[in-house]
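S.K.: So the chains spell out like this:
2 protein chains.
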Amino acid sequence: MTQIEYARAGIVTPQMRIVADKEGIPVEELAVRLARGTIVILRNGMRNSEPVAVGEGLAVKVSASVGTSVEQADPEEEVKKAEVAVRAGADTVMDLSITAMDRTRRRILQAVPRPVGTLPMYQALTEAREKAGSTVKMGVEDLFGVIAQQVADGVDFLALHCATNRDTLESAKRTGRTDCSVSYGGSHLVGWMVHNQMENPLYEHFDRLLTICHTHDVTLSLADGWRPGCLADSLDAAQVREMIVLGELVQRAREQGIQVMVKGPGHVPLTEINNTITLQKRLCAGAPYFVFGPLVTDITPGYDHVNAAIGGAVSALAGADFLCYVTAVEHLRLPNRREVQEGVIAARIAAHAADLTRKPGAWQWDWDMSRARKSLDWEKQLVLAIDQERARSMRQTRSANSGDTCAMCGRFCAMKVVAQYLGKEADVC
Amino acid sequence: MTQIEYARAGIVTPQMRIVADKEGIPVEELAVRLARGTIVILRNGMRNSEPVAVGEGLAVKVSASVGTSVEQADPEEEVKKAEVAVRAGADTVMDLSITAMDRTRRRILQAVPRPVGTLPMYQALTEAREKAGSTVKMGVEDLFGVIAQQVADGVDFLALHCATNRDTLESAKRTGRTDCSVSYGGSHLVGWMVHNQMENPLYEHFDRLLTICHTHDVTLSLADGWRPGCLADSLDAAQVREMIVLGELVQRAREQGIQVMVKGPGHVPLTEINNTITLQKRLCAGAPYFVFGPLVTDITPGYDHVNAAIGGAVSALAGADFLCYVTAVEHLRLPNRREVQEGVIAARIAAHAADLTRKPGAWQWDWDMSRARKSLDWEKQLVLAIDQERARSMRQTRSANSGDTCAMCGRFCAMKVVAQYLGKEADVC
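Just so you know, the sequences run in chain order A and B. Under this note's numbering, the first sequence has 417 at position 419, and the numbering climbs by one with no breaks. Under this note's numbering, the second sequence has 51 at position 53, and the numbering climbs by one with no breaks.
Bound conformation, chain A alone (with noise of 0.2 angstroms):
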């Protein structure tokens, strides 16, 4: 049984308590949302990993991704990516290797002790190169055998592009688009379903992917392959279009048991994010929605964690539940390390600063580094920072001659002056 499943049967899991502990809530009121489908847990039955919960009311989650290509295909390297990832606070990884595929996963998968995504669409499209010299080739049987084989590997949740259908092809072929299709593994299904003139066989086989999740309580996370790539295709029909087609597909993965999630963009001005989180929550009956940055403006290469930061906070205020980082340099060439960690720093910043309007517990923190501040209590400063050996070095490299207090008052401390005429007690001033 799967935890949605467990959650109607009025069943508690130990995995259910284990995030109603972390999140701050009662475990009913988690299983009741469970069991509508607004809140995921991201967890392979077959992994002994943290389950992590993703959607209505909880914590906004973050993602990171990593993963070989052409260029960078040392699997070593990626796992070391992404424990940096984790260290920095993601909640989530996605291994999206292109080249030596089985190895990095399984490795990713042993290395991160939270939940794991792929997808697996990348793997099927390589073989098919490698195997019959085009991604063109990539026969259904090699796809949704890679799909069971990651499955019966742990991962915990699959992004898939189930509903990029002919319908929607159709679409976006009548009313055009500045840019036809920037998700990866989308152009090269839509190459596929051109190519070979049929039906994009993970709409066309829904059930059978769903029989394949079942067996391990895997999460779909449904991608958007007419995801906008930049702001002038945003709301556009074929995204409209694709998102009805999702929230389809979101009612028939709930009704065989299954727990699915929705991805999003990718590239929205920032007066369209309100309306695309409300149009996705609308369509998709409350599924939890994660999304891609987004960005907030396409100018930005070199600063696009920067840009995501923006739009990921506006994100999740509107409802946005799960941000998938956006590094500095995307649009320019894979991430290092170092960036990976200020990627999810950052997403980690837009995450908290939507936690501060949805979840009551999470202004603690921030009343922690306030009262610090007060202080002048710099190690607890140092502590409290969201990224503490950033801060703690960047702290250091002070001149030499800098003291710890202020070195403008001379004689007398307006501060301390201020301090004891507004003070009445030592906590307030």
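Take the hints with a grain of salt, since some may be wrong.
Copies of the same chain look alike in the list, so a pair counts if it works inside one copy or between any two.
What the hints assert, rightly or not - Distance condition first, Cα-Cα at most 25 angstroms in a straight line; then the derived DSS-like pairs of lysine-lysine:
hint : residue 1 : residue 2
1    : LYS171    : LYS414
2    : LYS414    : LYS129
3    : LYS135    : LYS414
4    : LYS135    : LYS171
5    : LYS378    : LYS414
6    : LYS357    : LYS279
7    : LYS357    : LYS378
8    : LYS20     : LYS357
If you're looking for bench data, these hints aren't it; they were derived computationally from the structure. Small disclaimer: the values here were computed from a predicted structure and weren't measured.
Guided by the hints, dock chain B onto chain A, whose structure is given.
M.R.: Below, chain B without anything else, positioned relative to chain A:
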């Protein structure tokens, strides 16, 4: 006569023409808003520098702060930072020096072709400490002397805590705060008021200040001494009470033909940004709003530029007109050149994201980038990047064995298959 007086008299000045051209709006519209006070043109009448306009319906502007400290007392290094800020696209520079003040200010005024602002109280406080042993010994005549000197030197806008009066101080005492006062100038001013049992001289002698500003059409940037320094103090009684006083002073400044803008927080939870901006715009009769960040959480030392980009974008979307950058090292130490550069770019990303929702013309940049991406024109993508040098250096650190084309597809390129299927013409897919 000042720009606001010319506008009221129906006279179009060369400065109005320059900024109207740059903003792409009819000069008559600009003059109407200038006369009403919802736009200011930053430019000391003595300086032969590029005027910059801030306010209603204009592109959101970005300011970078530099300045000597006890640890870094070399004026030339601060001049270099100011130059870095201008090259990175800062619209204005503020010199907040506390040592070698006259020399640093004059060198920055020479080196920066855009508006320069100062916080004259820093100089008056420092001189009091040097001459009389304490900042609380600052003489009222000395303070006004410093202000007059800085105006005569050519400073374009002055940040002054005119509204931090005894009434707001008593309010803060009654209601209490988590962090008393984190504004550096504001705290010292309050310390001075408490120690000397006197009213704020900038409030008491506000008309005298207006007379000085009038001589060279210097814009007043009314700073908020009770700027919340942590989320917990946002929109508290002291802040709101000071905002009311700020509104009264805006009216008095306008009556005397003085251009005026209002400075704002600080630290604001995401859900309170819209309220803060709306309240300021209402209480201060639409005066341009110059916000410091704001930060949307307290816990990000080392990453405050990312945090401030979130707050800045949401603020500008809500109507803020001018973003004071916050660097990564805020709360830790003063920034180096690289951190100045990154701080300016982060604030510009926030400003541009909001411009897209304020100015239709702002979209051209993003459209150009999307088209460069679609056509895989790497050189154009790098030229269009908000920080071309950074993007170029990141792109160059790709592995040597990677080409510019996709290594994934093999014999059939899926992207080409998709583009051919969807494409009706070259530019639209």
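S.K.: Compare the structure with each hint and give your call.
M.R.: For each hint, the structure was consulted:
Taking identical chains as interchangeable, the C-alpha atoms of LYS171 and LYS414 lie at most 25 angstroms apart only when they sit on different chains, with a minimum of 14 angstroms there against 69 angstroms within one chain. Taking identical chains as interchangeable, the C-alpha atoms of LYS414 and LYS129 lie at most 25 angstroms apart only when they sit on different chains, with a minimum of 21 angstroms there against 75 angstroms within one chain. When the C-alpha separation of LYS135 and LYS414 is checked against a cutoff of 25 angstroms, the pair qualifies only between copies, where the shortest distance is 15 angstroms, while the shortest distance within a copy is 75 angstroms. Taking identical chains as interchangeable, the C-alpha atoms of LYS135 and LYS171 lie at most 25 angstroms apart only when both belong to the same chain, with a minimum of 23 angstroms there against 75 angstroms between chains.
Taking the closest pair of Cα atoms, LYS378 and LYS414 come within 25 angstroms of each other only inside a single copy of the chain (20 angstroms); across copies the shortest separation is 56 angstroms, beyond that limit. When the C-alpha separation of LYS357 and LYS279 is checked against a cutoff of 25 angstroms, the pair qualifies only within one copy, where the shortest distance is 19 angstroms, while the shortest distance between copies is 30 angstroms. With identical chains, the CA atoms of LYS357 and LYS378 are at most 25 angstroms apart within one copy only, with a shortest distance of 24 angstroms there and 44 angstroms across copies. In this assembly of identical chains, the alpha carbons of LYS20 and LYS357 lie at most 25 angstroms apart only when taken from the same copy (12 angstroms versus 44 angstroms across copies).
In the structure shown, no violation is registered for any of the earlier numbered hints.
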